[in-house]
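> Dock chains B, C and D against the given chain A, drawing on the hints supplied.
There are 4 protein chains.
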Amino acid sequence: MSSFGNYFKITTFGESHCPSVGVVIDAPPSNFKLDLDKVQKQLSRRRPGQSDITTPRNELDQIIVLSGMENGITLGTPLTIIVNNKNIKPEDYNFSEENEFDFKNYIPRPSHSDLTYLWKYGIHAKSGGGRSSARETIGRVIAGAIADQILEKHNISVTSFVSQVGDIIPNEFETLEENLTRDIVDKYKTRCPSKDSDLIERKILELKENGNSIGGKVKCIIKNCPRGLGEPVFDKMEAMLAHAMLSIPATKGFEIGSGFDCVNQIRSNHNDVWLKDGKQNK
Amino acid sequence: MSSFGNYFKITTFGESHCPSVGVVIDAPPSNFKLDLDKVQKQLSRRRPGQSDITTPRNELDQIIVLSGMENGITLGTPLTIIVNNKNIKPEDYNFSEENEFDFKNYIPRPSHSDLTYLWKYGIHAKSGGGRSSARETIGRVIAGAIADQILEKHNISVTSFVSQVGDIIPNEFETLEENLTRDIVDKYKTRCPSKDSDLIERKILELKENGNSIGGKVKCIIKNCPRGLGEPVFDKMEAMLAHAMLSIPATKGFEIGSGFDCVNQIRSNHNDVWLKDGKQNK
Amino acid sequence: MSSFGNYFKITTFGESHCPSVGVVIDAPPSNFKLDLDKVQKQLSRRRPGQSDITTPRNELDQIIVLSGMENGITLGTPLTIIVNNKNIKPEDYNFSEENEFDFKNYIPRPSHSDLTYLWKYGIHAKSGGGRSSARETIGRVIAGAIADQILEKHNISVTSFVSQVGDIIPNEFETLEENLTRDIVDKYKTRCPSKDSDLIERKILELKENGNSIGGKVKCIIKNCPRGLGEPVFDKMEAMLAHAMLSIPATKGFEIGSGFDCVNQIRSNHNDVWLKDGKQNK
Amino acid sequence: MSSFGNYFKITTFGESHCPSVGVVIDAPPSNFKLDLDKVQKQLSRRRPGQSDITTPRNELDQIIVLSGMENGITLGTPLTIIVNNKNIKPEDYNFSEENEFDFKNYIPRPSHSDLTYLWKYGIHAKSGGGRSSARETIGRVIAGAIADQILEKHNISVTSFVSQVGDIIPNEFETLEENLTRDIVDKYKTRCPSKDSDLIERKILELKENGNSIGGKVKCIIKNCPRGLGEPVFDKMEAMLAHAMLSIPATKGFEIGSGFDCVNQIRSNHNDVWLKDGKQNK
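Protein chains in written order, with the working numbering: chain A, 1 to 282; chain B, 1 to 282; chain C, 1 to 282; chain D, 1 to 282.
For reference, chain A alone in the conformation it holds in the complex (with noise of 0.2 Å):
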């Protein structure tokens, strides 16, 4: 199924190549006013094609709001916005126009979901990715933005940033990364709030040239979460939390607070200190 949470639940739509790839939102809060031009905003920041370390295609991706708002207020109810797909050019993944799959001819790309999809489904589509293509995240990044907005009326932010990319950990970044903002991580090409965003670029761009890329992490800050949040047991925040990541295509780990470092932590200095009145509890 193509849906997740509950209350502001997100079902997301749409191929690489078919006419449209959008969201359903199951509901936003209503008479919310809601700024277009902040999801169009988060929506350009996805796109690829903005700078010359990814990939070149350079799409306009233009929001269109089918429902669920009227005069920039939500109404309450699903909100579907879509984003036209333009670059459809079938030819450039080479699969036949024949309706008949060439089962016998057909080399799947090596760490795509091409092949599992075929069979799982018995059909993929004809090009590009289908759902497993990086446009799929679009809905998701529509409703991650629209998500913003509210949280930002709460007070929370949500900050991603690249903390490291092969072998390059940046042992400084440009503030402390509690203090770090979007504006300040979007000044950096590569995400990477820091001196060695020049390194990494370079990198990345020597591996392009050979037709490669590499893997990176990404660290995210929230701030201000309300405590309590998430269920007891089984959708406890963090368990929801990785299931989100673990879902964004070739993710391959989580970590959560002290992560894979705490393996090696004595429980007696892991433990979270309790604070009184925003102050250290001693």
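Derived by calculation from the structure, the hints in this document are not laboratory data.
Mixed in with the good hints, there may be bad ones.
The list treats identical chains as interchangeable, and a pair is accepted whether it falls inside one copy or across any two copies.
With a straight-line Cα cutoff of 25 Å, these simulated PhoX-like cross-link-like pairs (lysine-lysine) come out [as the list claims (entries may be wrong)]:
{"hint": "1", "residue 1": "K217", "residue 2": "K252"}
{"hint": "2", "residue 1": "K86", "residue 2": "K38"}
{"hint": "3", "residue 1": "K104", "residue 2": "K33"}
{"hint": "4", "residue 1": "K86", "residue 2": "K217"}
{"hint": "5", "residue 1": "K38", "residue 2": "K252"}
{"hint": "6", "residue 1": "K195", "residue 2": "K9"}
{"hint": "7", "residue 1": "K126", "residue 2": "K33"}
{"hint": "8", "residue 1": "K120", "residue 2": "K153"}
{"hint": "9", "residue 1": "K219", "residue 2": "K189"}
{"hint": "10", "residue 1": "K219", "residue 2": "K252"}
{"hint": "11", "residue 1": "K187", "residue 2": "K38"}
Relative to the frame of chain A, chains B, C and D by itself:
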């Protein structure tokens, strides 16, 4: 939430006067050849303005597939189909254009959900019934027309017809109820396949002249339904059907099998008789 | 699945002759003082064998709380309450004790789900109705009795009574329908709070002598229900109620408001009239 | 909510010191011969107090089946299995017996969820960890042991072992990782099937003497997992696994496949190689 179902989960979206209404089906069987003309045909059967006994809006509801298909074949991914709203005339509904709702002078339409929406959401669509508009059912009809094609492969047929309007209860239909088909039903303007159809038509027209309308009953015959369908306790087949039927605006009752007639039956008469090898077991 | 509901989700379990039947409620409000005697009282109202007009099993269904409470207070965690089965007499049901089901000589009880279970699951409980037993409703009654106490805090009352048995339709009840209470209803053996109760009782006893029984109608009056309850499209309040009611074994119909009577009403008469400040708006 | 899964949905219930902890599985396959001794065996593997390196509680956790089985065969109905709590000594936890919570003098245990529960629910179990107690995992182990028997029929095996404790990372196991079995793992007190197990044991005992403990890593090898498992977008297999794993108390990270090691891999090396007919496709 605007979703119904499990394996073939439908999510409808759209208000009466937003850009589009539609449905995401998550997901139809993959690799299924879908006849979109048949979907369009069912949608046209739903359309008001086909005869002088329904509401006069003559809307051309053309379906547009946004995702989930390629070359007429389903991909097993979320199938999104929309219809664009065209008849957008807010002034028809006598709402002000201002953002601020004039609570003081607002006179809600009786027996509509306008006021309830306003209470619940603090806002309602400026024009028309919003989600409570009959246009919401467009998404249902699209999904139903697709389900219909899938069921057809399993030899299951679903036929509905008008069985009563006001106090007019036909005592004879064109054919035995179990032999009725949609084609037969559609020969009658009122969808009541009986010579009493004319009587019904006159009654409706008479009421319509006075700006009025009247209630009715719809009967549905499902054939070749597999045994064991439904879950044993809460999601019994009849419970799910009742849920679905009562979710249609302005529905007030649901009966299955002998329905309320069984109140006056003694157990020994009401019993279903088991058949052995298709023959009655006596 | 054996679950129903969202925030107060109930999962019932247990067959007629396994060790226990019961319910997990996930989850009642936390820190709620629960009166278990009141729960027991409702369960005793459900119990067969209270009078000579119901089935003769005199089961003492004592509730046992397994989890979710401490010192009479709910913890906001899953509340599990069971009743142990005592009246385990497989021979009552004429099933062999062997593991192998004797399909050839098996004569399923008519109008019971025995055969359907066998088809669907390839097995059914050797004795009794398994999940289709009326004992499954024990879990529902426990959950209902707890919901009742929560609703009571919000001044919401739910009162049900027998409004028809066979062709006996009382034309007068002890008091106006809206003034009926459970205490009044319980004064009548038949739960039909009318002087016709005696007539109904005689009819049932007469049928019972011949090993027979008859249908009936139950009416339910909910008071102080908050406006805006339910979801706008599929999970409308009336749709959820219909779902719940049709999930009770042997239920064949559901009506809300004017029900099927509205078929013969013209719109102008059927309209609800809006009230202003509790007074009719004329 | 305390549920996880779809077709084999488990709902756990029970606090550390209420009468019982357990699980409802809705529903295992019907007509399945379940070996309860094997379930008991897995539960005994979970049990603390088996050796001097775990917590000293020696609980005898005997499973009791409440519903869903007859003569050792599942009925396809909700399977409820409980374990009664025996070691109920509230005074161990230093909570007062009074109903009123003494917020002023309450010192919550650090790194436990006690305080969070109190904030979220306005109450927490007077004694022990309530739902956050390790005893909650009893329901999971029961469900897992049953799933295990079902998977075994499909030749799927799941083997977990300790792969690191503190800074002790065995560089060799008793056998190749893919050849490890539960029987081999169980030969080692630490469940680390390596000659380093003694080293680990000494480290834990040393820390234990000082009332301390340390972190570790668990590795899990699943064999013969069918291809195409999981849903294409949000409920990817790895996302569901991450969700499940992070829902275990005190888990801080999850990796799948090459995990975080892939950060330093270039794409061309990281690629999975397709095999043809079980042989590498070169």
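> Tell me, which hint numbers fail for this structure?
Those not satisfied are hints 4, 5 and 6.
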